[in-house]
Structures are given as structure tokens and as C-alpha cells.
Amino acid sequence: MNNTALNTHWMPFTPNKGFKASPRMLTGAKGMHWITDDNRRVLDMTAGLWCCNAGHGHPHIADAIARQARELDYAPCFGFGHQLAFELSERLAELAPGNLNRVFYTNSGSESVETALKMALAYHHARGEAGRQLFIGRERGYHGVNFGGISVGGITSNYKAFGQWLPTDHLSHTQDLERNAFSRGLPLHGGVEMANELEGLIKLHDASRIAAVIIEPITGAGGVLPPPLGYLQRIREICDEHGIVLIFDEVICGFGRTGNVFASQTFEVQPDIMTTAKGLTNGAAPMGAVLAGDHIHDAVMEASASGVEFFHGYTYSAHPLACAAAMATLDVYEQDGLYHRGAADGEISRYFEQGLHSLKGLPGVIDIRNYSLIAAVEFDTPAGADIQSLAWEQGLMLRSLGNAIAMSPPLVIEKEHVDQTIGILERCIRKQFG
Numbered sequence: 010m011n012n013t014a015l016n017t018h019w020m021p022f023t024p025n026k027g028f029k030a031s032p033r034m035l036t037g038a039k040g041m042h043w044i045t046d047d048n049r050r051v052l053d054m055t056a057g058l059w060c061c062n063a064g065h066g067h068p069h070i071a072d073a074i075a076r077q078a079r080e081l082d083y084a085p086c087f088g089f090g091h092q093l094a095f096e097l098s099e100r101l102a103e104l105a106p107g108n109l110n111r112v113f114y115t116n117s118g119s120e121s122v123e124t125a126l127k128m129a130l131a132y133h134h135a136r137g138e139a140g141r142q143l144f145i146g147r148e149r150g151y152h153g154v155n156f157g158g159i160s161v162g163g164i165t166s167n168y169k170a171f172g173q174w175l176p177t178d179h180l181s182h183t184q185d186l187e188r189n190a191f192s193r194g195l196p197l198h199g200g201v202e203m204a205n206e207l208e209g210l211i212k213l214h215d216a217s218r219i220a221a222v223i224i225e226p227i228t229g230a231g232g233v234l235p236p237p238l239g240y241l242q243r244i245r246e247i248c249d250e251h252g253i254v255l256i257f258d259e260v261i262c263g264f265g266r267t268g269n270v271f272a273s274q275t276f277e278v279q280p281d282i283m284t285t286a287k288g289l290t291n292g293a294a295p296m297g298a299v300l301a302g303d304h305i306h307d308a309v310m311e312a313s314a315s316g317v318e319f320f321h322g323y324t325y326s327a328h329p330l331a332c333a334a335a336m337a338t339l340d341v342y343e344q345d346g347l348y349h350r351g352a353a354d355g356e357i358s359r360y361f362e363q364g365l366h367s368l369k370g371l372p373g374v375i376d377i378r379n380y381s382l383i384a385a386v387e388f389d390t391p392a393g394a395d396i397q398s399l400a401w402e403q404g405l406m407l408r409s410l411g412n413a414i415a416m417s418p419p420l421v422i423e424k425e426h427v428d429q430t431i432g433i434l435e436r437c438i439r440k441q442f443g
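The letter at position 294 of the sequence shown is residue 303 when you use the working numbering, and the numbering goes up by one with no holes.
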């Protein structure tokens, strides 16, 4: 590729100068593997960007997109509809827990978060509590890159150049290396204690000012932090006590990542609103969806006598090609048993866990943590990028998170892929820390 082409593309979340000095180019993907421009097969242990849960290049999904492009390539969504959007909504509502029966479409996880925040505000406004405008996020939480998402998010580098534009406070993160290092599954210590911090924030701000708490059931980009036992349940209890909307950001956890369709089902905690994206279309088309409880939806609908009830939406909401991709993706998940293949007590999850924890004791490794098919290995220095680069050279794609590397493999992973991953990772760690 010529330098002009390289320099024209301003790449997202990328050290552009470094990449353009030594490009890593992908030309194809199939199943568990990437194909590079030098014709290497690289094992994808990140499911793309936490999204290709059924692996790459599934023909059922590709064919569905192609058919839809020939039939109805685009449909306006303001005041008009197309059948596939309603069919997909019904299907998602059936899969969702509890009363999350109302589906609003977006184009990404970032847009899903913005939509969920607006829904919470609209809900309180409709109920005569318009003073509830403050949000509670969490340190190290990732909720996308729009202004609402970076405000409620808790990753400093995402907002330090842009500011925070929503009234927000943050719970502490849930990592406790002293008590919970090398946890297998949910950490055992401190869950209720950590959740009770929310009571302090409510006393500080007053419940009458707080619209919603937004958290990831498992923190993803902030380091892969499974919730300690009792944490999510206690957060739900406190929100109920004070009339605060609870939003689960399941952009990463949704669609089989924890052994159920959604992590809220795995952990048996019901949110009021849930954000999704990524695995919804297996990464084959940009799409997100916000699932709202009936009580959220009905309050907003009933507050308006006529006209537009919720002044929000996107040109590409419920895009026909994305809907086709999502419907086909749900087919694959169901037909191939992928929702439950990654259950924490399942064979492949246990094998993955055993392989990962065999790395304990290697130089530089201070923690290994996992739940089902999502995991991180943490180091005593910011070695994540170096380990990622070393692994790439040996045919393995990992996700760098500063002091850690993260893995969220496609749910079609087999034992041979685990063995390959652990072998490469051990060699890279030994080389890095000598």
C-alpha cells in the first residue's frame, strides 16, 4: 500500500504514526482465524473487538445480508417501518430477561449507551421527577466514546482531552488484588461491601437528583473484572430502594459470552434498561439495540398525548441489512448451541480456565482472572502492548489493556485453539520478562 493511502486514513484508537511505520493489515477471516496481507493465519482470541461470537465469515449471515441488499437496501425509519425490524424486535424481546420487551435500534454500543441515558431521563421526566439528571458510573467502566458515554465511563484517557459533559459521579472499580487475585469465576471477597459504596453516593447527591446507575456486568475494556459475589444483587437492591434506574451495559457480555444470552440472566439480576451491540450481528454489520422495561417505555408513551413521544433516533436505526444480519446471527447462535457453549461450568470454559491459570508463577504475572470465555492476564508493568505485538508475530491476536492483555474468543473455540494460545502466551511472557 502506498504512503498516500496510509496517511489519508485517520485510524481510531490507534497509535497512527506507529501503525503506519509498520502496518498490520488483514485481508480475510474465516472461523477462528484472520488472514494477513503476507498470507499468514492468525488465531483470533478477541472475537474481533469482542463481537464475532460465532467466528468469522459464517455463510448463513453473509447470504442473509446479500439477499436483503437485493430486496430492500434501505428504509427510512422516522415515521416508516419495514417488517424485518418488527420481527427482530419480537425475537429479541423473547430472548431478553424479565420485562425488557421494548427494543430501540442504534448503530453501535456507543449509541446504545446514549440512547439508554436519554431513556432514563425521559422516564423520570414523564413521571414528574425531572430533577433526576445525575448519573452514577464506575471507575474503569467503558460505555463508548460519545459525550454521554465518556462521562459515565471511568477510563480517564477517553475523556481527558474532551471534558465530561453530563453530571456524573463514579463508584470505585471492583478489582481487589490483595483478596481476589487469580480468581476463577466470580471473585469471592468484597462484593456487598463494594456495592454499598452506592449508598454513600446517594447520601452525597440525594436520591431525588439521581437518574440512573450504569455498569457493565463484567467490566470489559477496563480490564476484564468479573463482579464479586453479591455485588450486582446489592446494586439492584439499592437502586430499587431509591427509585433509581439500573442500566446494564451488555455490549460485550451479551449474546453468549457468559453462558446465557445475557449476563443479567447468568447473574440473575434484572436491569431496567440494557444496552447491546457487537454480538447482535456477529460484527457483520453495524448495529446496536437498547432493550427497555415495559415500565420505562409505558411511562414515556403515556406522558405524551400525541406526536413524537421520544425525540431521539438515527438515520440508520433498524437498517434492513443490519436487521438481516442480526436475524441470521440469532439463527446461528440457536442452531449451533452457542448461547450456552461458554457456560462457566462447561467443558470448553473449564479447559480455557485451566490453561490460563497454568501461567500463574510466570515472571511478571500478578493476576489471572476469568469468567466463562472472557479473561485477562495482568502484569506488574504496562506490558500489554508488548505482549500483544510478540503474540501477533507468532500468529495470535490478543487485546492490549495497558498492564494486561484480554481474551474473549469466539464461542466456536476448540481445545486445540486453547493449547495454541497458552503455548504462545507463555513464550511471549517469558521473552518479555526474561
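It should be emphasised that the hints constitute simulated quantities derived from the structure, not laboratory data.
For every residue, glycine included, the Cβ atom is placed at its ideal position computed from N, Cα and C.
Any given hint might turn out to be false.
With a straight-line cut-off of 25 angstroms between C-alpha atoms, the simulated BS3-like cross-links for lysine-lysine are [as the list claims (entries may be wrong)]:
#, residue 1, residue 2
1, Lys169, Lys127
2, Lys127, Lys26
3, Lys39, Lys424
4, Lys369, Lys424
5, Lys127, Lys39
6, Lys127, Lys212
Ranges between beta-carbon positions, derived for each pair [to be verified]:
#, residue 1, residue 2, range
7, His214, Arg76, 48 to 56 angstroms
8, Thr324, Gln173, 21 to 29 angstroms
9, Gly140, Ala14, 46 to 54 angstroms
10, Met34, Phe191, 47 to 55 angstroms
11, Asp354, Trp174, 39 to 47 angstroms
12, Asp354, Ala170, 40 to 48 angstroms
13, Ala71, Ser313, 38 to 46 angstroms
14, Thr324, Lys369, 48 to 56 angstroms
15, Ala312, Lys369, 53 to 61 angstroms
16, Glu402, Gly322, 43 to 51 angstroms
17, Ala71, Asp46, 18 to 26 angstroms
Quick rundown of the hints versus the structure:
no. : hint                                 : verdict
1   : Lys169 to Lys127                     : 23 angstroms, holds
2   : Lys127 to Lys26                      : 37 angstroms, violated
3   : Lys39 to Lys424                      : 18 angstroms, holds
4   : Lys369 to Lys424                     : 20 angstroms, holds
5   : Lys127 to Lys39                      : 38 angstroms, violated
6   : Lys127 to Lys212                     : 24 angstroms, holds
7   : His214 to Arg76: 48 to 56 angstroms  : 51 angstroms, holds
8   : Thr324 to Gln173: 21 to 29 angstroms : 27 angstroms, holds
9   : Gly140 to Ala14: 46 to 54 angstroms  : 52 angstroms, holds
10  : Met34 to Phe191: 47 to 55 angstroms  : 37 angstroms, violated
11  : Asp354 to Trp174: 39 to 47 angstroms : 43 angstroms, holds
12  : Asp354 to Ala170: 40 to 48 angstroms : 44 angstroms, holds
13  : Ala71 to Ser313: 38 to 46 angstroms  : 41 angstroms, holds
14  : Thr324 to Lys369: 48 to 56 angstroms : 50 angstroms, holds
15  : Ala312 to Lys369: 53 to 61 angstroms : 55 angstroms, holds
16  : Glu402 to Gly322: 43 to 51 angstroms : 45 angstroms, holds
17  : Ala71 to Asp46: 18 to 26 angstroms   : 22 angstroms, holds
Checked against the numbered hints given earlier, this structure breaks hints 2, 5, 10; the rest are met.
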